[in-house]
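Enquirer: Sequence:
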Amino acid sequence: MPAELGGSQISSLLEALPGIASVLRSPVADALVKAIRAAAGAGDFALEDAQELVRYAVRRGLIGPDEGDRVLGDVESALKSRRKATRAAKAKAKKKPKKRSHR
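Our numbering puts the first residue of the sequence shown at 33, with every later residue one more than the last.
I should point out that these hints are in silico values taken from the structure, not numbers from a laboratory. Check the hints yourself; a few may be wrong.
[Claimed, not checked] Derived pair list, reagent style DMTMM-like, types lysine to aspartate or glutamate, alpha-carbon separation capped at 25 Å: (1) Lys112 x Glu99; (2) Lys66 x Glu84; (3) Lys66 x Asp76; (4) Lys66 x Glu80; (5) Lys112 x Asp76; (6) Lys124 x Asp76; (7) Lys116 x Glu80; (8) Lys112 x Asp62; (9) Lys66 x Glu99; (10) Lys112 x Asp98.
Hey, can you work out the whole structure from these sequences and the hints?
Expert: Below you can see the structure in the form of structure tokens.
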């Protein structure tokens, strides 16, 4: 009969075995951490993270499938707009002539 681990035992195990947390952690937890970092400006937000979080919310009944689809549509549109703006800014930066120093 396998023994059940308590919260403190799991924490101790995770501290004792570096790298095991990333193996044991759920994709939802990873997506949530990435979303939090992106919201704080400390990382990038990916569509895959939004999809994982929406799937979780729908499975748990936190939101309905229709709302999940609407949210993902909004996220996709926002990410596409951001990519277009980034590309346009990069293209504009490349076209600017370099200033020459007068010596």
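Enquirer: State for each hint whether it applies.
Expert: Here is what the structure says about each hint:
With a C-alpha separation of about 20 Å, the suggested pairing of Lys112 with Glu99 holds against the 25 Å cut-off. Between Lys66 and Glu84, the direct Cα distance comes to roughly 11 Å. Compliance with the 25 Å bound is thereby established for this hinted pair. For the proposed pair Lys66 and Asp76, the alpha carbon gap of about 7 Å is at most 25 Å, so the pair holds. For the proposed pair Lys66 and Glu80, the alpha carbon gap of about 10 Å is at most 25 Å, so the pair holds.
Between Lys112 and Asp76 the CA atoms are separated by roughly 14 Å; this keeps the pair inside 25 Å, and the hint holds. Under the criterion of a C-alpha separation no larger than 25 Å, the hint pairing Lys124 with Asp76 is consistent with the structure, at around 23 Å. Simply put, Lys116 and Glu80 have alpha-carbon atoms about 19 Å apart, close enough for the 25 Å limit, and the pair holds. For the hint pairing Lys112 with Asp62, the CA-to-CA distance comes to about 23 Å; that is within 25 Å, so the pair holds.
At roughly 22 Å between alpha-carbon atoms, Lys66 and Glu99 fall within 25 Å of each other, so this suggested pair holds. Distance restraint check for Lys112 and Asp98: the Cα-Cα separation of roughly 21 Å lies within the 25 Å cut-off, and the hinted pair is therefore satisfied.
Checked against the numbered hints above, the structure breaks none of them.
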